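Protein chains: 2
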Amino acid sequence: MKIVITGGAGFLGQRLAKRLLEKTVGPLSLLLVDRVTTGTFDADSRVKSVVCDITDGAAVERLVTSDTAVVYHLAAIVSGQAEAEFDLGMKINLEATRTLLETSRRLPVPPKFVFTSSLAVFGGNLPAIVTDQTAVCPQSSYGAQKAMGELLVNEFSRRGFVDGRVLRLPTISVRPGKPNRAASSFVSGIIREPLNGQPAVCPVNRDVLLWLSSPATAIENLVHAHTISAQSLGASRTVNLPGLSITVGEMIQTLERVAGPEVVARIRFQRDEVAERIVTSWPGRFDTARAISLGFHRDPDFDSVVRAYQRESFPSSPVKP
Amino acid sequence: MKIVITGGAGFLGQRLAKRLLEKTVGPLSLLLVDRVTTGTFDADSRVKSVVCDITDGAAVERLVTSDTAVVYHLAAIVSGQAEAEFDLGMKINLEATRTLLETSRRLPVPPKFVFTSSLAVFGGNLPAIVTDQTAVCPQSSYGAQKAMGELLVNEFSRRGFVDGRVLRLPTISVRPGKPNRAASSFVSGIIREPLNGQPAVCPVNRDVLLWLSSPATAIENLVHAHTISAQSLGASRTVNLPGLSITVGEMIQTLERVAGPEVVARIRFQRDEVAERIVTSWPGRFDTARAISLGFHRDPDFDSVVRAYQRESFPSSPVKP
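Read top to bottom, the protein sequences are chains Z and G. Per the numbering used here, the very first residue in the first sequence carries number -17; after that it's consecutive. Per the numbering used here, the very first residue in the second sequence carries number -17; after that it's consecutive.
These aren't lab readings, by the way, just hints derived from the structure by calculation. Don't take every hint at face value.
[Stated by the list, open to error] Distance windows between CB atoms, simulated: (1) G:Lys160 with Z:Val7: 42 to 52 Å; (2) G:Ser214 with Z:Pro90: 44 to 54 Å; (3) G:Val18 with Z:Ser214: 40 to 50 Å; (4) Z:Ser27 with G:Glu43: 49 to 59 Å; (5) G:Asn187 with Z:Pro90: 50 to 60 Å; (6) G:Thr6 with Z:Gly231: 20 to 30 Å; (7) G:Gly8 with Z:Gln213: 53 to 63 Å; (8) Z:Ser11 with G:Gln213: 46 to 56 Å.
These numbers come from a predicted model, not from an experiment. Glycine included, every Cβ here is placed at the ideal spot set by N, Cα and C.
Using the sequences and the accompanying hints, generate a full structural model.
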């Protein structure tokens, strides 16, 4: 089975690759496509990393070939950058998505096409609880581009060109590594940096409500997405994934429980209007009964998410029980 | 004031032009853009008709110039044709919309940009009554392309590139003239053809519920759209226009009341699965309180719509009271 992952050098792409290698029984050929290569999987003959501009149709055609069973399209310009660089966001988040779909359409067997969207498609006058029937109303360029990508994947699926699945991811926390240009970058930063002994800046108020998923749960859901049947999805291929509804203040209380007040003291509040405007336009409460019935996973609570991050990042350190 | 109308040779474009000429006080320059010219307004020096491929960015730039105050983007590949010719639909309904928006973005003053969308963006698991907060779930290529166009107009408006308004039109009935390639073409045909002494074919059952607007009311709403303030629209530029909720059977009863049983006898039922699948995926009941509060108009009832068509098409004939 050949699986192509765009954004394959990225945080989610690398973890997804690792999990697919662990879970797949039988032959597997994993093609990690990105602007850069990482070489993480050099020892595994099942994996190949290639550098490719996914807006280049001819280049994409050389990668998404007739033996491709699944395309994971994770590559994206994140929210903060898409807001600052509108044309780049349109090129990657919209045009490249269409290029990948058009290439997939030409394959003899329509591949599974798993597209990562985001809660950022929502905004404006939101109901108290968002469902899969809630209208999108993006208040960021990233959200608008993802919402158009969702429609493309749904339409190409309805026409039988691909067998698509659109996962609206919650904000992922705790991401390891460095801050990125997502408006929500701080949602990982306020946990990760203090635990790493670094100062962290929180650009929004304590009462801002977030909708979160751990990286591990997001990856389990991405793997699950290509195994469910098209029939079970019905008229819409788009699913709001389960998440945790939690305020910034509650996240910080969790950090204090898990790591102590001296760690929490490394967080400083300093308002950033752009990040605040984008992040507070997103919903914090969802009814994800449909996702649960489709077999998607949820994190039990944020304490376990922070502890999992600690275990992974500091495997030799003692962790508070 | 310079106003550009794409689809300017079409049914709505021609009527919109006529109404704008009647209603506009002060200087007006009306540019009717289409694949063909009509010459209807040759006598009026305020109107110019030009032939243009609106997917050609350079050609569009020569038309949407720095003095353009309003763009009415009505040109579209209709539902039946977009379903039969997918790539053509993508080209006109999606790409040309983006080309027009990108051209408008380069103007010194962001123009009003009025985009006609459709109830065809809705489908799938619909609530009993559709509102402006109902998620789109298009079950036709036309609906999917219009839904993406809506997102483009909203995003270009949010960024301040244009001052957009998206009107989701009900099915228009009674259209004069000939059948077209819209899946809903019969919705006019079953009234128009019998009144014209011609046979008509109805491809769906009597109990199919439709959401209709007369041509005159649709035109009043299009004119109104460019006069309302951006602020009044709030976070979403998209409005479900008012309509009449009526079954095919009730439409035929209306025709009988207005024109008699011998006219109704000209209608024959013959199922067309493609038209039926598309038309029955559309909702038939809306709550359009927001549109009404924004000052958009509604037809009082279908009897008056049919009588208005009769008066317009047969001005010298006696009309039953």
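Exercise for the section: May I ask you to test the hint 50 to 60 Å on the CB atoms belonging to Asn187 of chain G and Pro90 of chain Z? Expected result: Violated, since Asn187 of chain G and Pro90 of chain Z (Cβ atoms, about 39 Å apart) do not stay within the stated range.
Exercise for the section: Can you let me know if the beta-carbon spacing of Ser27 of chain Z and Glu43 of chain G is within 49 to 59 Å? Expected result: 53 Å, holds
Exercise for the section: Using the beta carbons of Lys160 of chain G and Val7 of chain Z, state whether their distance is inside 42 to 52 Å or not. Expected result: 60 Å, violated
Practice task
Could you see if the CB distance from Ser214 of chain G to Pro90 of chain Z stays within 44 to 54 Å?
Solution key: At 52 Å between Cβs, range holds.
Problem - Pairwise beta carbon distance, Gly8 of chain G to Gln213 of chain Z, judged against the given window 53 to 63 Å - result: 59 Å, holds
Exercise for the section: Indicate whether the distance between the beta carbons of Ser11 of chain Z and Gln213 of chain G respects the range 46 to 56 Å. Expected result: 55 Å, holds
Exercise for the section: Could you check the hint for me, namely that Val18 of chain G and Ser214 of chain Z are 40 to 50 Å apart, CB to CB? Expected result: 47 Å, holds
Exercise for the section: For the range 20 to 30 Å, tell me whether the beta carbons of Thr6 of chain G and Gly231 of chain Z fit it or not. Expected result: 56 Å, violated
Hints 1, 5, 6 from the list above are not met by this structure, while the remaining hints are.
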